[in-house]
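Trainee: Residue numbers (the working numbering), protein chains in the order written: chain W, 1 to 263; chain V, 1 to 289; chain L, 1 to 365.
In case anyone wonders, no lab produced these hints; they're calculated from the structure.
For clarity, every value in this text was computed on a predicted model and none was experimentally measured.
A portion of the hints provided could be inaccurate.
As the list claims (entries may be wrong) - Pulled from the structure, derived: some chain L residues nowhere near chain V, Cβ distances all over 10 Å:
# : residue
1 : E58
2 : S73
3 : T152
4 : E324
5 : K335
Said to hold, decoys possible - In silico lysine-lysine, DSS-like type, Cα no more than 27 Å apart, as pairs:
#  : chain 1 : residue 1 : chain 2 : residue 2
6  : W       : K89       : V       : K202
7  : V       : K99       : W       : K92
8  : W       : K6        : V       : K278
9  : W       : K89       : V       : K278
10 : V       : K99       : W       : K6
Beta carbons are placed, not taken as given, at the ideal position from N, Cα and C, and that holds for glycine.
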Amino acid sequence: MARFFKQFYLAIILIFMYLPIGALILFSFNESKSMATWTGFSTHWYEQLFHDPIIAEALWVTISVALLSALIATVIGTFAVIGMDSLRKKTKGVVLNLTYVPMVNADIVMGISLLLLFIFLNIPRGYWTMLLAHITFNIPYVIFSVLPKMRQMDRSTYEAALDMGAKPSEAVRKVVFPQIMPGIVTGFILAFTMSFDDFMISFFTTQGTTQNLSIYIYSMARVGINPMINALSAIMFVVVIVLLIVVNVRSTKKPKRTLQREY
Amino acid sequence: MKQALHKNKMNNPFVGSRAFALPYYAWLAIFIIAPLILIVLYAFTRTGSGGVTVLTMENIVNAFSPTYMTVFGRSALYALAATAICLALGYPVAYLLSKMKANRAAIISILFILPMWMNFLLRTYAWRALLDNSGIINQLLMAIGLEPVQFLYTGGAVLFGLVYNFLPFMILPIYSVFQKMDTSYAIAAQDLGANRWQTFWKVTVPLTKSGIISGITMVFMPAMTTFVITRLLGGSHFMMYGDVIEMQFLLMSEWNFGSALAVIMLLLTIIFMWVMRKYDKEGEGAALM
Amino acid sequence: MKKTISVLLAITLTICILVSCSPASGSGNSTAASGGQVTVNFLNWGDYIDPTVIPLFEEENPDVKINMTTAPSNEEMYVSASTEGTQIDVVLPSEYMIQRMMQENMLAELDTSSMENYQYVKEFAQANCGYDPNCTYSMPYSWGTFGIIYNTEIVTEEEIGWDILFDEKYKGQILMYDSIRDSLGVALIELGYSLNSRDEAEISAAGSLLVDQKPLVLAYGTDDLRMTMSSSDAAIPNSAAMAVMYAGDAVYTMQDNDKLEYVIPQEGANIFVDALCILETSDVKEEAQRFIDFMMRPDIAALNAEYTGYSTPEDAALEYIDEEILQNYAFNPDKEDLVNCEYYEHLDQEVLKLYEAAWMQVKMA
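Can you build the whole structure from these sequences, using the hints too?
Mentor: In structure tokens:
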């Protein structure tokens, strides 16, 4: 009974998360341009999608910036958390307060202030400035994901490793990383997600020379969002789900012993 | 536990790895502090006659006017309510995930993130299609003989949209803390005669406190400045702080005043978080609820 | 877990390598010439051009490459085009933003005598573009009106004017536009003033009118009003009955819902023009002008008008356009209904502040 209730609760929350995705996919097959009324089945948005010259490049920019910025932010953020651990409480408080800034700053303010910074530094705006900006707003998500794991970590194991003659870098790699790994993974995924969906900061930091999917989508709002974006989302969704299943099937096939050693 | 907290820095084994944070400090200086200084400069200046920049308190004073403070208060209230709901909904999810086989839990936690890879604007439009007066949900309601409900264009719809958008940011950090939680404390507590409820509040919650704080940070802070949700789900009957700032920068071209609003919001939000963390240290987590 | 990470790492690494080889990563440089090609950076609205048009141009002009990006609003476009070191060459702002950019000397003069297709827009510009009647700085690309779209089964009045938006009868069924100029403009016209009023008393009276109207309003919105109107249905209680809307949006919305009609109120309304301009800072002005001229060609203008649903300024283009669209009143209104229409003038900071104060009152109410 309790088991059933637990499963039920999870299912409800997941349905809540996926309801709009379902609607989004459904309307990618709608004949009309609107998402309000169903006027008939059609695949012409899919056809249009493959003929749009902007989408392919925007998708490419989006994915590469998201992966790169999440990766770099994860590395910088994780090392920052380890390095900050021994700081005095006050100093740490100041650093963390500054870390809040990109999270709480309105996107427009972040976007314009970074644009001014890039102008000041005389860096031509485009792909690379967008990447720098994304790393900047991704790092806090990594830090706040890794921080709780670091607090929870068993310090004595690290101390023991040092006592046994391991260098700090070695001890961090062999003892600390395995313990904070869930936090690092969470941070990476959240960073990737934030980057994937950013529009305003990307728009200003590229200054209209490169663009990601979000910029394209938001700039469609003026004349109405073209459902080919729904079609694209549907395809992306299916691809990710398939990948997830493939990875999962492969890893469950492996003998149990190796699996346990991995963790 | 207490002892560990009060260990002075010489005893912290991580003193030797302080240099690890240097790249971040450099990043902080260039990409966070430098732009921040720029915003503060804008906030305290204005362009006087002849294009000369003059120091002034005018922007800051105006930003504290009742109109903008009301907008701030309303945004904070919505963000706070959304954070509380996310915590209430997300905490059990994180707990249940931690009880699952690692493999399965990993997949389900990815499933919570996956929807966010679809564009935010599109997902919000999809909610509109679902919640509309003649939308899918209301048609289902009417099909089973119920009255249609006006979901859209209410304060509730705004809250709903915020919770939907930020829930994963609450679940994931708490889940990652749950994963490695030492369950022996909980077992010990129960052995000592604590009931389940007591065990939960006195043992489990304090042990996952750091995850809860991270979750609150990642939901409350960004929720303060979202704006599309109020427009698309709430019918834009009122403005949120993010709207006001955007309006100053874009429509009014008042970068100085916009910066002042941004600075005040940063300050107030950070003070709020700081007080919360302080409060939490004394209350040992229970005060959070 | 490790497995996942290593897979992700591998993907990232591959992408890193690919990115550094990809031409996209370094794009944006106006003069970046690959094989003698010149790049023209064109900042457009999203989905505001027929996707076949740019490839067509590039085919006919192999020496020019168009790098198109998109902006969400005039204001965002302005920031992007006006900040130092901008690499944008061609923009497509609306008339009030063109006036501002002209005042700030941001736009380059066009050599209309060398533009073959200027003749097709000449008449429209002289009649409707008082801010730049000879197309010295801007070539009209599309235009439209700002009127009322309503459900004929709910709103049964014979004459529809702006006052319908203030009628108690439709409490909770009225959709207003969520932008300062558009909403206050409606109120100004309703009160009998100009939608470019610079008078403090008039503007604050318009604000008060909107405050009084607020209890009647179901929602303030922009493009999302299309969704609400296309599902408007008399059978459903409290369904939206009417919305203020741009004609281009109305064209699409009416295709979804045959109960809808679009009207330009007789008291007057906003008429907007989006026009192609070259930035003064551009160093590929000749190529940019060739591109604009190409966009003015009647068959190309027709392609774009059909695709976007926004009216074309060229009568010569109409013959290429589908009959069904031509019959849509929102797309092709009677010329005499436009007599009272005004375009927005760019307002000074001081006046704009009056508008802002009035609008904040509405939003705080």
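Trainee: Now tell me, hint by hint, if it's right for this structure.
Mentor: Results of checking the hints against the structure:
1. E58: Holds: least Cβ distance 29 Å, greater than 10 Å.
2. S73: 7 Å, violated
3. T152: 17 Å, holds
4. E324: The assertion about E324/L holds, with a minimum of 26 Å to chain V.
5. K335: K335/L clear of chain V: closest Cβ-Cβ about 32 Å, beyond 10 Å.
6. K89/W <-> K202/V: Status holds; Cα separation ~25 Å.
7. K99/V <-> K92/W: Since the Cα atoms of K99/V and K92/W sit roughly 33 Å apart, the hinted pair is violated (cutoff 27 Å).
8. K6/W <-> K278/V: Answer violated: K6/W to K278/V is near 34 Å, above 27 Å.
9. K89/W <-> K278/V: 12 Å, holds
10. K99/V <-> K6/W: Status holds; Cα separation ~11 Å.
In summary, the structure is inconsistent with hints 2, 7, 8 from the numbered list given earlier, while agreeing with the others.
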